[in-house]
Amino acid sequence: MNESRGAILERIRSGRLGAPVQSRLDPPTLIPTKDSSSLRDRFVQEAEAVGAIVHRSDRRDLTVETVLRILGDAGVKRLISWEPNDLPISELMKAVVDDGVQLVDPPTPANAETLSREWTAMATADAGLTGAVGGLADTGTIVLRSGPGRPRLTWLLPPLHVVVLHSSFVHPTLSAFMGECGELVRCSSHVAFVTGPSRTADIEQTLTIGVHGPKEVHILLVDHDCKSIEESEAAQAATVSDEPGDQMSKHDLVQ
Amino acid sequence: MNSPSMSFQQRVSHALADGQLRIALDRTTERFTSNRVAGLASLPDADAVRDCARSIRLHTLSKLDDYLEQFEANVTSVGGQVHWASDAQEANEIVLDLARSRSVKRVVKSKSMVSEETELNQALISGGLDVVESDLGEYIIQLAGETPSHIIAPAVHKTREQVGQLLADKLGVPMTDDPVEMTATARSALRDVFLQSEMGISGVNFGVASTGSLAIVTNEGNASLTVTAPRIHVAMMGIERIVPTLDDLAVMLLVLARSATGQKLTVYTDLLTGPRRGDPDGPEELHVVLLDNGRSRLIGTEVSEVLACIRCGACLNACPVYQQIGGHAYGSVYSGPIGAVLTPSLDREGPWHVLPEASSLCGACREVCPVRIDIPRMLLALRAETVHSGKGNRWVRVGFWLYRIAATKPWLFRCGVSVVRQLTKMFFVNGWLLRLPSPLPSWTRSREFPVIASRTFSEEMRDREKGSGDE
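Going down the list, the protein sequences come from chains A and B. The first sequence lines up with residues 1 to 255 when you count with the numbering used here. The second sequence lines up with residues 256 to 726 when you count with the numbering used here.
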């Protein structure tokens, strides 16, 4: 294996011998708008265009009420949820449970040495409840990150995904998000950019929704106070640069 | 790469005679092409983005060794392991060893062209493992015992009726031609596979050198499940698949989905940075297999630009040859214009020198390429190499030798033209020759040969000059 490593690198080096390093062009500026209300409108427009359902709310109680209505309308009996502290509105999970929905626990505590790989309980959930760390206006994308209290299967396994996104987390583009929140990628094992419900067109290019992931994605775009603002502040404090050394020190800062 | 049993000519005749294939290709390549145009139109300045994407790819290739080392260091620093494989066999052995040493029995796969290239599935199945493809298209062709015919739409060659029949035969479900029902069947069949496999094998769209992250995109979410539920994640990646930073990745993702399906972004774009770290799920082990298999040797050659390819498949859909014959006729893992360059370049000993001939050099591939790869230039370079190495068609060589003699002696050329003109006059029908005599009949097998004009251009010009001189 080490032999191959050396041989591969050596072949590349001898191939590029004497050739100059080609320069990268600056990416063109694609930011559609910096005005925050039109950013949100653009996000809603794009998310709906890819088949997500967006609900806007400017009051905490309205947000909770809307989530309960979505789950009720879909006949949800069993739910996987992120930990209350990982949801933008911490009282959301309790409200759902009070409403008679049964919670499906992730199989083992986050700090266990090895996971019990028994996913069958999670696979029976009718819906998953998460909170987004970002939204991308030009594509209608929500950004989710894994972490303790944030199982990934929550946004992947159930047929219905309900996600809460604070409107201040909406970025104009993917490039803008990477520029401001690249640190999140470094400190999370999985960052998912999800654009609408799961779909396929593998049979004669016929669009079919819900092949492996959720068939329905409900986004709650909220304007009211949310608990997890500090997470975004931490992320925004750190900006990504090309120097690994720089990044490490900023990474430490965030921690 | 395995050599196909039939000759290229035979495979092409076979494909052209397949009515179902022609229907399937007509239905899909046209839709892909128009979706791509709409997708790029949604960018404020698509041309500038493509220029930038190209510069990122060429920059990366110009110091690939440095970026690979940086990538390896960062994958390792977040708890992943990098394995280097010189060829297909070594890559397969690495995966098989990992599976054996960890008592893996069931493997779920998401789409990976690199694993098609190494024929990983066959290797794992011979090693006693249960391997299931999870991309719907790949699942269909795995059930059918076939290989993919398109980079991003592996089952593009099958009509819905054929897929319905296949699912009915293999899974015992009622026959249907409704893609929605077929998709639901596959969803439930694959659910258990995801949740019970010990190893998930994925491809990689981009590896980010500055963070050690892997970017994997799908619309179905099958890669997300493949890299989340199983205990071990093995990512198969060509060594050229690097981008320097997250900012560069964001630019590449602007053009990838738009060029492939016309979407602004795929439904699932996953960025994986190391195995789980105190998370309640996700893989406990992450292994990245970096495959060379002939790539490193291309750096600094006339065809090194082919390594800039981001596997969007746009050139396949745009190619008038691919539109007629589909992917299987190429006989290689990578088909279409990019495959006609990549295949003979990676596998120099294989019977692939004929693939660069399967092009009209119309340039549609270069036109649609998100990173503006000059495919026609490389096709010509490969054709020239074939001629120089003496592998080309004997009659073509004799023909050009005769032409050179004639073309360098004007008197001989003029004589030749009038002889050929007299000859063609004897055989033409309504101004066309329907059948040329041996050794040229393959020209007229699928098209007519025009009769040589009664006066040549030079004769015409000479007379005109005479005429104007008289005035």
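Just so you know, the hints here were simulated from the structure itself, not pulled from any lab data. Fair warning: there could be bad hints in the mix.
The calculated lysine to aspartate or glutamate pairs, modelled on EDC-like cross-linking and capped at a C-alpha distance of 16 Å, are [what the hints assert, rightly or not]:
#1 Lys360(B) x Asp447(B)
#2 Lys215(A) x Glu48(A)
#3 Lys215(A) x Glu436(B)
#4 Lys318(B) x Glu10(A)
#5 Lys77(A) x Asp26(A)
#6 Lys77(A) x Asp98(A)
Ranges between beta-carbon positions, derived for each pair [stated by the list, open to error]:
#7 Arg603(B) x Ala121(A): 49 to 55 Å
#8 Gln336(B) x Leu207(A): 49 to 55 Å
#9 Gly75(A) x Leu616(B): 55 to 61 Å
#10 Ser14(A) x Gln377(B): 30 to 36 Å
#11 Asp26(A) x Glu324(B): 45 to 51 Å
#12 Gly75(A) x Ser268(B): 39 to 45 Å
Reference excerpt, derived from the structure (chain B facing chain A, CB under 8 Å, subset only) [stated by the list, open to error]:
#13 Lys318
#14 Ala484
#15 Gly647
#16 Arg649
These figures come from a predicted structure and were not determined experimentally. The beta carbon of each residue, even a glycine, is placed where N, CA and C say it ideally should be.
Which earlier hints can't be squared with this structure? 5, 8, 11, 12, 15, 16
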